[in-house]
Amino acid sequence: MLAFTLRRAIQAIGVMIAVGVISFSMFRFAGDPVNQIVSLDTPPAEREAVRKSLGLDDPVPVQFARYFGNAVQFKFGVSYQFRQPVSSLLAERMPATLELAICATIFAMVFGILMGVYSALKRDTVLAKIFQAVSLIGISLPTFLIGILLIYLFSVTLGWLPSFGRGDVVRLGWWTTGLLTLSGLKALILPSITLGLFQLTLIMRLVRAEMLEVLRTDYIRFARARGLTTRAIHFGHALKNTLVPVITVAGLQFGSVIAFAIITETVFQWPGMGLLFVQAVQNVDIPIMAAYLLMVSLIFVTINLVVDILYTVVDPRLRSTIRRPA
Amino acid sequence: MSDAVVPHRAEPSAAVARAGTSWFRRALDSDIFYSFRRSKLTMVAAAVTLLFFLLAIFASVLSVQNPFDPAQLQLMNSRISPLWTADGQSPFLLGTDEQGRDVFSAILYGLRISLVVGVLGVVFAGALGITLGLIAGYVGGAVDGLIMRIADVQLTFPAILIALLVNGVAKSVFGNRLDAMSTLVVLVVAIGLSFWVQYARTVRGSVMVEKNKDYVAAAQLIGLPAPIIMLRHVLPNTMGPILVIATINLALAVITEATLSFLGAGMPDTMPSLGTLIRIGNNYLFAGEWWIVAFPGFALAGLILSINLLGDWLRDALNPKLR
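Chains as they are written, first to last, in my numbering: chain A, 4 to 329; chain B, 176 to 498.
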């Protein structure tokens with residue numbers, strides 16, 4: 004167990020170093036950092052001075068060590084577009100993304116489990132068939148189309164919910180939250196549904212399949228033989244056992260929820276890290292791209308590591324994972 | 176699969192009566208075609224997919240104007256609603272956008288771009304993945320370890336993130352103002368680099384099984400070089416699963432291209448794909464001009480859904496366990 008944990012931890016560190024190398028090479032070689040700082044008519048001598056002051060004359064391994072040392076302390080350099088430190092830009096926008104991702108995950112889990120249980124227990128009802136059809140469409144429709152559809156329906160036509168932004172936010176120390184104001188909560192609804200819909204269909208299909216499997220097992224038959232109520236069998240015995248893989252998948256998916264927030268944040272102009280990243284790609288703001296890659300990788304690797312270790316703790320039978328395609 | 180186990184096969188004498196059409200008859204008699212005929216949904220999906228491809232190929236014939244040619248656009252014709260509404264005008268079946276571009280023509284040309292990027296992206300991803308998978312499976316050892324470790328790491332990250340990064344780096348290396356054709360190439364490379372892993376893993380798995388079989392040993396014994404054995408003898412035996420992955424990947428590639436274009440990191444406004452059209456149209460949603468975004472959206476959704484249905488069917492049809 005300890006050996007397994009150590010091996011996985013070393014692997015995770017290896018991945019982070021690999022991502023660090025990619026991130027550094029983007030930062031250093033894709034686009035000249037000097038050009039971004041000086042103006043067009045700066046004389047060559049001055050350029051050289053800037054080059055020296057940035058340490059770009061040092062050997063590449065030294066530069067990499069410096070970059071990595073800074074990155075560990077969350078220093079990612081200065082954004083080309085905003086002329087501000089990347090770390091403060093990211094910190095400013097992280098609460099928005101995390102709030103959105105957590106709300107989307109909760110939405111997906113609650114409705115995904117409810118719909119999955121229903122379509123497993125009442126397989127032949129019309130509603131269960133509708134759920135199945137919706138899940139097929141949910142997997143086929145691109146996220147941004149779902150967002151546009153929801154905006155057209157609830158913002159343009161009905162006028163119930165805002166179509167962009169976070170609404171009013173409350174500042175709690177360095178964290179800003181939209182959960183404490185009415186307009187903030189209203190602004191959260193449509194983006195959360197858009198972002199969570201794919202996870203919802205995934206969880207619904209998983210719960211349905213797991214429920215159907217568990218209901219066929221011997222211990223459920225034994226529970227029926229003991230004369231337990233249907234309710235106790237379904238929710239006390241069957242559902243409990245389906246929840247382990249569901250929580251695993253939801254945990255693994257949290258990383259990609261944060262990555263997919265890029266699309267949702269663009270549709271709803273949500274002021275989070277994803278929107279910052281898209282603007283960075285559009286404007287070729289390499290420091291932000293490199294830092295975002297490092298941050299998201301850190302989140303991904305940490306989640307994968309924790310889930311992998313929990314796997315063996317909770318249920319050694321679990322080996323399969325479900326991954327998101329696009 | 177051997178012909179002898181196919182139960183509903185026609186009499187051999189009939190099948191070889193005319194040698195020229197025998198492959199066609201064999202195709203009609205195959206298990207795959209049988210399961211195709213049995214599923215109405217698949218036939219509809221295939222027809223819709225075929226229709227989309229035909230629309231894309233014959234875009235210049237079917238459209239009323241070339242939406243890429245500014246000389247053919249007239250601002251007088253801007254923001255006309257679809258033909259069946261009160262303000263509709265012939266010949267603009269689905270209305271026009273803010274530049275007087277006919278939405279139907281723009282969809283046809285956009286469909287062409289989307290499919291070109293999607294198909295080329297799948298081909299590039301497939302070529303890359305199959306090559307690396309063949310090498311990893313056949314050579315084994317440290318090479319295998321390296322390739323598969325890279326694949327593992329990449330699989331942790333969503334394809335869209337990788338595609339966006341590739342795109343951003345390409346822009347920064349080649350300058351921010353790429354022309355439309357170069358952007359198309361960048362998109363194909365970005366999609367290829369995001370989707371190769373699945374091919375590599377599948378091919379590697381099949382190769383590990385195949386390479387211990389007698390026919391490979393025989394080929395090695397007569398002294399064939401490794402590349403020839405890999406391409407001519409091992410690869411054809413791994414094609415079934417690759418076909419399934421390629422079909423499902425086509426839908427994913429089209430979604431990825433559309434998403435990149437929607438995010439403003441894909442095809443430019445001067446040469447719009449379906450994703451670009453949706454991004455442009457999205458700006459006019461609040462003005463009540465829903466048709467500019469709705470019809471490209473329908474086209475994209477219909478295309479992806481029908482390709483997905485085809486892929487699902489193909490996976491089941493080629494899976495011997497489900498027969």
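To be clear, the hints were calculated from the coordinates, so they are not data collected in a lab. Errors might be hidden in some of the hints.
To be verified - In silico lysine-lysine, DSS-like type, Cα no more than 30 Å apart, as pairs:
id: 1; chain 1: A; residue 1: Lys125; chain 2: B; residue 2: Lys388
id: 2; chain 1: A; residue 1: Lys78; chain 2: A; residue 2: Lys55
id: 3; chain 1: A; residue 1: Lys243; chain 2: A; residue 2: Lys55
id: 4; chain 1: B; residue 1: Lys386; chain 2: A; residue 2: Lys132
id: 5; chain 1: A; residue 1: Lys243; chain 2: A; residue 2: Lys132
Here is how each hint holds up against the structure:
1. Distance hint between Lys125 of chain A and Lys388 of chain B is unfulfilled; the C-alpha atoms sit about 48 Å from each other, more than 30 Å.
2. With a C-alpha separation of about 19 Å, the suggested pair Lys78 of chain A and Lys55 of chain A falls inside the 30 Å cut-off, and the hint holds.
3. For the hint pairing Lys243 of chain A with Lys55 of chain A, the CA-to-CA distance comes to about 62 Å; that exceeds 30 Å, so the pair is violated.
4. Distance restraint check for Lys386 of chain B and Lys132 of chain A: the Cα-Cα separation of roughly 45 Å exceeds the 30 Å cut-off, and the hinted pair is therefore not satisfied.
5. A hinted pair counts as satisfied when its Cα atoms are at most 30 Å apart, and Lys243 of chain A with Lys132 of chain A qualifies at roughly 24 Å.
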